[in-house]
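Q: Protein chains in written order, with the working numbering: chain A, 5 to 132; chain B, 5 to 132; chain C, 5 to 132; chain D, 5 to 132; chain E, 5 to 132; chain F, 5 to 132.
FYI, nobody ran anything at the bench for these hints, they're computed from the structure.
Each hint should be verified, as a subset may be incorrect.
Pairs involving identical chains hold if they fit within one copy or between any two copies, as the list cannot separate such chains.
[Claimed, not checked] No more than 20 Å apart at the CA atoms, straight line, and that leaves these computed lysine to aspartate or glutamate pairs for EDC-like:
1. LYS94 - GLU13
2. LYS95 - GLU129
3. LYS7 - GLU126
4. LYS104 - ASP65
5. LYS61 - GLU126
6. LYS7 - GLU129
7. LYS60 - GLU129
8. LYS132 - GLU33
9. LYS56 - GLU101
Number of protein chains: 6
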Amino acid sequence: MFKPIEENEANGKVKEVYDDIKSSRHITEVPNFWRMLANDPNELERSWNSLKQVMKKGALDHVTKELIYVAVSITNGCEYCIRSHSFAAKKKGATDEMLKEMFAVVGLANKNNKLVDSYQVEVDEFLK
Amino acid sequence: MFKPIEENEANGKVKEVYDDIKSSRHITEVPNFWRMLANDPNELERSWNSLKQVMKKGALDHVTKELIYVAVSITNGCEYCIRSHSFAAKKKGATDEMLKEMFAVVGLANKNNKLVDSYQVEVDEFLK
Amino acid sequence: MFKPIEENEANGKVKEVYDDIKSSRHITEVPNFWRMLANDPNELERSWNSLKQVMKKGALDHVTKELIYVAVSITNGCEYCIRSHSFAAKKKGATDEMLKEMFAVVGLANKNNKLVDSYQVEVDEFLK
Amino acid sequence: MFKPIEENEANGKVKEVYDDIKSSRHITEVPNFWRMLANDPNELERSWNSLKQVMKKGALDHVTKELIYVAVSITNGCEYCIRSHSFAAKKKGATDEMLKEMFAVVGLANKNNKLVDSYQVEVDEFLK
Amino acid sequence: MFKPIEENEANGKVKEVYDDIKSSRHITEVPNFWRMLANDPNELERSWNSLKQVMKKGALDHVTKELIYVAVSITNGCEYCIRSHSFAAKKKGATDEMLKEMFAVVGLANKNNKLVDSYQVEVDEFLK
Amino acid sequence: MFKPIEENEANGKVKEVYDDIKSSRHITEVPNFWRMLANDPNELERSWNSLKQVMKKGALDHVTKELIYVAVSITNGCEYCIRSHSFAAKKKGATDEMLKEMFAVVGLANKNNKLVDSYQVEVDEFLK
Numbered sequence: 005m006f007k008p009i010e011e012n013e014a015n016g017k018v019k020e021v022y023d024d025i026k027s028s029r030h031i032t033e034v035p036n037f038w039r040m041l042a043n044d045p046n047e048l049e050r051s052w053n054s055l056k057q058v059m060k061k062g063a064l065d066h067v068t069k070e071l072i073y074v075a076v077s078i079t080n081g082c083e084y085c086i087r088s089h090s091f092a093a094k095k096k097g098a099t100d101e102m103l104k105e106m107f108a109v110v111g112l113a114n115k116n117n118k119l120v121d122s123y124q125v126e127v128d129e130f131l132k
Numbered sequence: 005m006f007k008p009i010e011e012n013e014a015n016g017k018v019k020e021v022y023d024d025i026k027s028s029r030h031i032t033e034v035p036n037f038w039r040m041l042a043n044d045p046n047e048l049e050r051s052w053n054s055l056k057q058v059m060k061k062g063a064l065d066h067v068t069k070e071l072i073y074v075a076v077s078i079t080n081g082c083e084y085c086i087r088s089h090s091f092a093a094k095k096k097g098a099t100d101e102m103l104k105e106m107f108a109v110v111g112l113a114n115k116n117n118k119l120v121d122s123y124q125v126e127v128d129e130f131l132k
Numbered sequence: 005m006f007k008p009i010e011e012n013e014a015n016g017k018v019k020e021v022y023d024d025i026k027s028s029r030h031i032t033e034v035p036n037f038w039r040m041l042a043n044d045p046n047e048l049e050r051s052w053n054s055l056k057q058v059m060k061k062g063a064l065d066h067v068t069k070e071l072i073y074v075a076v077s078i079t080n081g082c083e084y085c086i087r088s089h090s091f092a093a094k095k096k097g098a099t100d101e102m103l104k105e106m107f108a109v110v111g112l113a114n115k116n117n118k119l120v121d122s123y124q125v126e127v128d129e130f131l132k
Numbered sequence: 005m006f007k008p009i010e011e012n013e014a015n016g017k018v019k020e021v022y023d024d025i026k027s028s029r030h031i032t033e034v035p036n037f038w039r040m041l042a043n044d045p046n047e048l049e050r051s052w053n054s055l056k057q058v059m060k061k062g063a064l065d066h067v068t069k070e071l072i073y074v075a076v077s078i079t080n081g082c083e084y085c086i087r088s089h090s091f092a093a094k095k096k097g098a099t100d101e102m103l104k105e106m107f108a109v110v111g112l113a114n115k116n117n118k119l120v121d122s123y124q125v126e127v128d129e130f131l132k
Numbered sequence: 005m006f007k008p009i010e011e012n013e014a015n016g017k018v019k020e021v022y023d024d025i026k027s028s029r030h031i032t033e034v035p036n037f038w039r040m041l042a043n044d045p046n047e048l049e050r051s052w053n054s055l056k057q058v059m060k061k062g063a064l065d066h067v068t069k070e071l072i073y074v075a076v077s078i079t080n081g082c083e084y085c086i087r088s089h090s091f092a093a094k095k096k097g098a099t100d101e102m103l104k105e106m107f108a109v110v111g112l113a114n115k116n117n118k119l120v121d122s123y124q125v126e127v128d129e130f131l132k
Numbered sequence: 005m006f007k008p009i010e011e012n013e014a015n016g017k018v019k020e021v022y023d024d025i026k027s028s029r030h031i032t033e034v035p036n037f038w039r040m041l042a043n044d045p046n047e048l049e050r051s052w053n054s055l056k057q058v059m060k061k062g063a064l065d066h067v068t069k070e071l072i073y074v075a076v077s078i079t080n081g082c083e084y085c086i087r088s089h090s091f092a093a094k095k096k097g098a099t100d101e102m103l104k105e106m107f108a109v110v111g112l113a114n115k116n117n118k119l120v121d122s123y124q125v126e127v128d129e130f131l132k
């Protein structure tokens, strides 16, 4: 339905974001996600700026943030998101052991979330 | 529908798990989740053993694992799970700043997951 | 925002459906779900007719259908739906043991669904 | 990202589980799900043991359990899970008529779950 | 598992619905969705009748209804549904600008839904 | 866990956003959502700015955007979001008839999304 905006078609706001993506990430090609978002230049700009702000090192380090991002994407079943942010996590230093432990937590949490609904567990007094 | 199994009603496998929960966690009361699961002693045992194995320090530390657990629970909208594992995260050393940064990642990932589906973004060649 | 349509306010299509609900189910009061749907009489009629057709005994018996309904509702985290169809399941003959085994399957399936996404498991040849 | 652990690479815990899968299920090849989980031998063991315990005949028969598993997988949109457990259901005796009736219940439950949220239906007194 | 029911195999209720789909929609081939549903003629009939009733112009116009349908499908991550109802939306007059603005709303709503759960926001007094 | 930031505690970026919310919306009190987000002033600013940009009249009018927002929130089961954006929709001119038709579309789309997964419907050639 929509087609990616190729780099040689980009201008104005889109070109600026494309350049920023490539230089911040030290990559030579803009990934499909951004090239599709470029169909809506304001969304591209908003999304890129949010990503830069949210994913930067703060109280949590880069790797932890990427692992959390992947955990959400698995829970939502978004293949592109799982693949691209697992890739990012590894590039930023995540090991296979870290990914596998994250997977185990995601599996467990999804199971327990549903057991809580199954048994209609009420919030404990000390949690209120 | 189901009622919690109180500590004074617990025996056999259930009592053993209750005792293990209280001693491993240094708490004096068994939380509602486990008291409800105790209606199915095998599920209680399986779930508690999995939790102990999965959430223990490994390549990822305790706090990171709890943050991932909460991120999944937010994505599933499970109030009990969000509250109990945010509590656990803080007890194990998570700061408010860490929680808030996790929340921001969860929000962003949920947004981007849906933008990927909106634009039907294809997996990049380098991710295959 | 919307208010339930009380039985003494019902007429026409709504009254007909209310009467059918009470006589088919041998109950004396119309449950909240139907009283809220009655704000849109066509939706009330469509939903009630679908429910009667879909939930009636066929290749699967009443209890199995109710258990499947609850399993879906747990996966979606819909409290009203879990409570009302667990109630229906028990009324139609489901035992506590059956409910608890269903809960265990729901927990397991939710965990495994996410492990499949975690490891990006491909469909086996024999399943295609 | 992760690669399946082939049967000739398996040893220790992984080999034991592989052998158990093949003999319990009377199959000659380990399905992809287990070969991917084998990247984390503890998760493989936990998951296989849980599956054996949870899916065995109890108050609910084999077929009913598989149908519930598929219903959850449809609600989560997990293709591998839908395919592999529909296959299992049929192998254990489920007929096409049973599968189709289950699909109809899953469709209906998903619709009604959302109508409950749309109209913000409150839990009936008799369900509390 | 199930195979589409081809038009030359259709008879009775299935043939009637197929004819109605083609004439109401001014198309010459029945789309895959309906050909698969035809495995369960009652579900085919129920689903087609509901669709005709629900998606017809009322207080909301055709385009708005299709956009809402796509928004739900994105949130559920259903590729077929996103593609077929984006196609329908465009056929009924939706512009690319309208689709892109809808995508932005869907992204935003998904983000904010999760921030509400993150911070456990309570319903404001004026909303009760 | 987190507490709302009251208006008399707000300063700097938070006070600016609070003032903008009240003046843009012609309201005298800041709703709970924004008072909770204010725990993370950057998230508050990002979220408010995105909301203003995304929800303003464009190719889609105000009411359509609010209806789409509510449709997503119902699909996610977020009570606060359903209530606050149904309220906003009505304030901007949505009638009860419009809301009820949207509910019917949301119910139908959720059902059909799952039937697509049930029958593993493949994308039609003309949709590719």
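Q: If a hint holds in the structure, say so; if it does not, say that too.
A: Evaluation of the provided hints:
no.: 1; hint: LYS94 - GLU13; in the structure: neither (31 Å within a copy, 25 Å between copies)
no.: 2; hint: LYS95 - GLU129; in the structure: between (43 Å within a copy, 16 Å between copies)
no.: 3; hint: LYS7 - GLU126; in the structure: between (48 Å within a copy, 11 Å between copies)
no.: 4; hint: LYS104 - ASP65; in the structure: both (18 Å within a copy, 13 Å between copies)
no.: 5; hint: LYS61 - GLU126; in the structure: neither (36 Å within a copy, 28 Å between copies)
no.: 6; hint: LYS7 - GLU129; in the structure: between (53 Å within a copy, 16 Å between copies)
no.: 7; hint: LYS60 - GLU129; in the structure: neither (36 Å within a copy, 26 Å between copies)
no.: 8; hint: LYS132 - GLU33; in the structure: between (49 Å within a copy, 16 Å between copies)
no.: 9; hint: LYS56 - GLU101; in the structure: between (26 Å within a copy, 18 Å between copies)
In summary, the structure is inconsistent with hints 1, 5 and 7 from the numbered list given earlier, while agreeing with the others.
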